[in-house]
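With these hints in hand, go ahead and build the complete structure from the sequences.
Number of protein chains: 2
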Amino acid sequence: MTRALDTLLPIDEGPEGRLMDAVRYAALSGGKRVRPYLTLHTAALFNVDAKCALRVAAAVEMVHCYSLVHDDLPAMDDDDLRRGLPTCHIQYDEATAILAGDALLTRAFEVLSEDGTHQDANVRIELVKELAKASGPLGMVGGQMLDLVAHHHNLDVNEIARLQRMKTGGLINFACVSGAILGKASESALHKLHSYAHDLGLAFQIVDDLLDATADASAVGKRTGKDEEQGKATFVSLMGIENAQAQAGLLRDQAIEQLDVFGEAADPLRDMAHFVVNRVS
Amino acid sequence: MTRALDTLLPIDEGPEGRLMDAVRYAALSGGKRVRPYLTLHTAALFNVDAKCALRVAAAVEMVHCYSLVHDDLPAMDDDDLRRGLPTCHIQYDEATAILAGDALLTRAFEVLSEDGTHQDANVRIELVKELAKASGPLGMVGGQMLDLVAHHHNLDVNEIARLQRMKTGGLINFACVSGAILGKASESALHKLHSYAHDLGLAFQIVDDLLDATADASAVGKRTGKDEEQGKATFVSLMGIENAQAQAGLLRDQAIEQLDVFGEAADPLRDMAHFVVNRVS
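Chains as they are written, first to last, in this note's numbering: chain V, 323 to 603; chain H, 323 to 603.
Identical copies carry no separate label here, and so any pair may be met within one copy or between two of them.
Listed next, the in silico SDA-like pairs over lysine to any residue satisfying Cα-Cα at most 20 Å (straight line):
| no. | residue 1 | residue 2 |
| --- | --- | --- |
| 1 | K548 | S603 |
| 2 | K455 | D328 |
| 3 | K455 | G339 |
| 4 | K455 | R346 |
| 5 | K373 | K506 |
| 6 | K506 | A443 |
| 7 | K554 | P337 |
| 8 | K548 | H473 |
It is worth saying that the hints were derived from the structure and are not from the lab.
Structure (structure tokens):
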């Protein structure tokens, strides 16, 4: 995965090369790579050419990394640690970080649009459309706005779930269905992967909230205890730790059930559901 | 044009509605609408359906407005006046402005990818690819980075021209060729419009530098005298006012010459070349 990103985000030797340095810093510095893993392993269910799947997986990760770079900015969450390293605006500067995020988002759409992603233009345009929907005002960007206004409102569990579906659920859903789009999968297979992605995404966010409440920064690689400090409503503050843990386990089992129709080929997706709930960072 | 943007960027009544308010503030508050004009009138050369051309013109303007919102941020050019109104981060706040820019960029790609833009998926994916190239690291975002590092370097006229081609030329070029892509124009027609866009874009930037050096803020609708204040190399500082004026006139005439093959149908594009050089704001 890192090699694909390395190739698709080349070093720029020009005087503006600082931009691509920051882009590469943001995209190549590790991370769990959950979203590209989902794209690669849903694509594998439909025997998609690995080179095509790798390009789409890289595009998904670019959008994820852009959202982290912008979310970490001083005007947003004001974080200085990410994946155990200084955030992009600390390592470079705010202006460079804003532009690096912009560049990652733009490059993601460019990668999807290029011939190497799929020979059929209909498939490529479908990917562009779905990615834009997942990351636009009704998806990730809207979710981030909701997260910012949530500081001043007392959201209930349903509103928190909606926030999560927009902010992180949309891109996780795209990661799962992009493999199916590449493979021109049936409507029913697509529907199963939608449901898997929905439950996985919700479990992922609940565990994120649990980690923020219970783990320490050195284990997670980013600042923890933020939610409580900011008096922010989360799944944990609304449900309590035990109920949140039980709910995450339930969602994991539900996600795995959706995969029955794919047989053993879906084992990597089952593994991911376990990983998401058991992870400690 | 404003009506098309109004339709494509609908009000959001949800708690996150502040995002679309800011998006609409940034996109619907006037501006010269140079880029959508170019798309509409190059599309008209090839008898493109006006509804399709309007969608592409709106997408181009969204990308232009996103670039203004991000460029105006405190960490970038730190401007508080744009089109005679408070800039987006002054009217709302920095976080909202960052997200509004992100949303405009994402929505532009979504609009291009949707069926209404053109029935042929090959045309839509070509538009996505060209827009991404024009606004990515080798285009607009790269140009903005170059502009930031230029403060610490003494660029010569060739380097300033390269900066302009990237920062503003790419999107002006896309605006002109998008009409031709929609109309499946011949290679030679496309080439003429490329050349027209190149000369027009350069003339546009020279006149921008002239206005910054000679006009006052109330006429231009944004802060002026910035370039000299910041000791920034511009076409005017490098060539002098008279040479810059002469060069802009020469480029206008060259741009107009490229249009001969299109006959009277290209009159609106000729008018634009005159407007760009004669404008006082």
